[in-house]
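A.B. asks: This is what each chain is made of:
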Amino acid sequence: MTLPILPTTVVGSYSMPGWLERLKTEYYARRISRRDLDEIHDTAVKAAIKDEEMAGLDIISDGELRRDNMIDYFAERLPGVQIDHATKKFHYDLYDSKVQGKLPSGPLGLVDDFKFLRANTERETKFCITGPHTLAKRIHNEFYASEQEFAMDLGRVMNPELKAIAKAGAHFIQIDEPYFSGFPEDFEWGIKALNALVEGVEAKIAVHICYGNRYGKPSWEGSYKYLLPGIFDAHVQQLTLEFARRGGEDLELFRELPPRLELGVGVIDVKTQAVETPHQVAERIRKALEVIPAERLFILPDCGLLHLPRDVAFAKLSAMVEGTRLVRKELKH
Amino acid sequence: MILQLNHLHRKPAASTTQEVVDTLYALLEEGRLEREQFARLRVHLDWIQYRQNFRECVMTMGPTNDRRGESHPEEVRIDMRQVTPGGLRDALLRTMMAGHAVPAPFQDAVFLEDFRSFRESIAWGFNHLYWHRLADWEEFTGRSYDQVLPGGKSDANHPGAVADCVADFWTLLRDLENRKQLPEEIFVLEIGVGMGKRSGLWLDRFRALDTERGTKYYPRLKFLLGDYALATLERSRPAVKDHLDLCSFVVVDALNPLKNLAFLRHKVLHIHLTNVYDNLPDEEFARREGRLYAVQVRAYVPAADARRISEESGIGAADIPRTVNRLLEGGPDYLSDRKRGLVFWQEVWLAMRLEERLVSLEDLPDVALPSGLHQEQLEEALEDAPSEVRFHMSSGALESFQNTVPLLHPRGFLQVQDIFVTNFNEYRLGFHGPGKLDGSIVNWVNGVLLREVGERAGYDVHFAPFHYRPGSRTSILYTTQRE
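Chains A and B are the protein sequences, given in the same order. All residue numbers for the first sequence refer to the working numbering, where the first residue is 1 and numbers rise by one. All residue numbers for the second sequence refer to the working numbering, where the first residue is 1 and numbers rise by one.
Check each hint, because a few of them may be wrong.
Said to hold, decoys possible - Computed list of chain B residues with no C-beta within reach of chain A, every gap over 10 Å: (1) 85; (2) 214; (3) 374.
Unchecked claim - Distance condition first, Cα-Cα at most 27 Å in a straight line; then the derived BS3-like pairs of lysine-lysine: (4) 204(A) - 225(A); (5) 287(A) - 332(A); (6) 259(B) - 225(A); (7) 163(A) - 225(A); (8) 222(B) - 259(B); (9) 259(B) - 153(B); (10) 50(A) - 115(A); (11) 216(B) - 225(A); (12) 287(A) - 225(A); (13) 180(B) - 197(B); (14) 153(B) - 287(A); (15) 153(B) - 180(B); (16) 192(A) - 153(B); (17) 50(A) - 204(A); (18) 225(A) - 267(B); (19) 241(B) - 225(A); (20) 259(B) - 216(B); (21) 267(B) - 339(B).
To be verified - Covered stretches of chain A, going by a simulated chain B footprint (3 or more residues, C-beta under 8 Å): (22) 42-56; (23) 107-119.
Quick caveat, the hints were computed from the structure, so don't treat them as lab data. Just so we're clear, the structure is a prediction, and the values are computed from it rather than from any experiment. Idealized CB from N, CA, C, for every residue including glycine.
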């Protein structure tokens, strides 16, 4: 599948409809069955895929609508992680989860999620996984000597799943590591854990690093300076970063990005409901083009869209696609 | 009949309680009350905290337009403070015998509006006028706003509370600095600064602490004083005269601070409000026998007061509503001379009452919950509430909260010093407004719903009693990151 110049995609999640939130809560209250919830998820994911296609994206995700949040979906699937199911009031809250012994290996059940995505779109796809550093920060470690050791083992245990997803046809996998920005002091070993996760995975790998999006607000502030030069040790082919909300000041840092690395540039602020115009988007892309050639530039929102209402999310994606088209035209001339 | 005493602290209420029971039985025996009507009575004996309020001595309230034809309890509310010896029987007869359609006290009252949500009531127009013409009001009454507060001064300026707030903030800055995450510019926002006393105290204290600990945070401060009008902000300037180079004065709509301050989104490390939420537009809801109702109100001036105002002002009683509208649009000057306008304003405000009725939510075409509050959250909050409860929606406060927290830096915190109901059960233990505080409205704030809205916005909302002054009714709301 050939992608156009400046390919457009999402970071991962799409707008979580209010009715889906409510039905998830109904499930936790045992008022609907697992089977019903699975069907509801299938329907919601198909709708998200359709919206992404209609907005005109080149690379489609499943909208991550099966996931309560970026932690619990994985914590529940990781063998050896214990979860206190009584600790959560709202589906987006996090469970209290902990690990008390060495993580055993085992399938995580993510391959089926990818196959469902693959079966429901003819466009290029991207599948997203929460990275080991972020998981190690949220799952309470009561066994490993350090968080680093825990994260390395998470990478080891999750690696076969990534290989299986790639084998099932995923050409493009994104690892989400927002907690790097909150804990830059962990960055060196966080990259090692990330490399353990993606070792031998035959797909293009992106790493997404933002400043958090819990409850639709940032969790930290700062500068991407901490990424350099350590990020060059990461065995990935693309960095996907947040620039729209933060004003693009850090873009300059990536002028010397090695040619083997692409940059996914955030041009949509996902923490406000104000919808960007295509011209605003185009301006942000032009600014990015000043530091990185078009051949290595991907166009995305700053982060997931799950906290935005569906109409706003759709309008933002449409503006992003339209703004990208404007710049593509300029590049042709 | 169910008799409910919604007050706990006034012993003399017991004798009034007996008087209420005796009077109602007498009316039953005289045949003035039907047996079936008597059985359905729910009599609430309230101790109205605010001596100036919107209640009659006796009021009835029942659901309107019940399409199911169900028989509902008849609610009678008696303000114990207004009960005069020997006057209860007449007040009860006058109110209850008239039925709900046209309650007797209002037959020849002068209505200022049609039934509507309290939030939409003309009462808030008076509140708005008070704050925008505060200087006129204070000059006329000879009292400043602070002097009419319970206790004669504001808890906002308590040095101990300010010192603790500063200490917490300094600790946050130190923590951020240790993590190399302290921004170059340290933004602090105070909304509703009034005379600026608290801002001045806060800045004095912060500078002293910073100097004492040698941390050099003070010069990096950007302190924003926010209030609803430039004229008000001017009054706050002298209180911060020693810190003017760090201060900015900004007009802020307390319902939507984000509107004017969007450029500070995710940048402000500390936001503080004192006695703002209790004065924001609000509405009430009630649950009766499992069903949810909106409380609608209609403002009126009782007939006797209308006659008196008419005689004093030379404005015909029928012209009072039109004159009130002119007053609210243009202020007291529009009534030919200011003094006459001020007298009219004050007299109407003091006399104004609110008739109430319950309207089933199913009968309302459009029930909009406050921004940030989802229906399932309201239902969940009510799961732990008494089965029969009337409560504030605090829509203005919820809206303000929802439009304030996006200004917070990811590690920043919000503090709100105000009067909060933190548990639905408290609504059964006392009356929590609305009352009249001089020319403004005062209303307790529903902290339970604020907690719900906070959770969805990514904040845990906590309430700490204001322990700096014994007997204070205020609490301090503070937020922490919901991880």
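A.B. asks: All hints are to be evaluated individually against the structure, with a verdict given for each.
C.D. replies: Evaluation of the provided hints:
{"no.": "1", "hint": "85", "result": "holds (52 Å)"}
{"no.": "2", "hint": "214", "result": "holds (25 Å)"}
{"no.": "3", "hint": "374", "result": "violated (7 Å)"}
{"no.": "4", "hint": "204(A) - 225(A)", "result": "holds (25 Å)"}
{"no.": "5", "hint": "287(A) - 332(A)", "result": "holds (17 Å)"}
{"no.": "6", "hint": "259(B) - 225(A)", "result": "violated (32 Å)"}
{"no.": "7", "hint": "163(A) - 225(A)", "result": "violated (32 Å)"}
{"no.": "8", "hint": "222(B) - 259(B)", "result": "holds (19 Å)"}
{"no.": "9", "hint": "259(B) - 153(B)", "result": "violated (31 Å)"}
{"no.": "10", "hint": "50(A) - 115(A)", "result": "holds (16 Å)"}
{"no.": "11", "hint": "216(B) - 225(A)", "result": "holds (25 Å)"}
{"no.": "12", "hint": "287(A) - 225(A)", "result": "holds (18 Å)"}
{"no.": "13", "hint": "180(B) - 197(B)", "result": "violated (33 Å)"}
{"no.": "14", "hint": "153(B) - 287(A)", "result": "violated (55 Å)"}
{"no.": "15", "hint": "153(B) - 180(B)", "result": "violated (41 Å)"}
{"no.": "16", "hint": "192(A) - 153(B)", "result": "violated (60 Å)"}
{"no.": "17", "hint": "50(A) - 204(A)", "result": "holds (24 Å)"}
{"no.": "18", "hint": "225(A) - 267(B)", "result": "holds (19 Å)"}
{"no.": "19", "hint": "241(B) - 225(A)", "result": "violated (39 Å)"}
{"no.": "20", "hint": "259(B) - 216(B)", "result": "violated (32 Å)"}
{"no.": "21", "hint": "267(B) - 339(B)", "result": "violated (46 Å)"}
{"no.": "22", "hint": "42-56", "result": "violated (count 0)"}
{"no.": "23", "hint": "107-119", "result": "violated (count 0)"}
In summary, the structure is inconsistent with hints 3, 6, 7, 9, 13, 14, 15, 16, 19, 20, 21, 22, 23 from the numbered list given earlier, while agreeing with the others.
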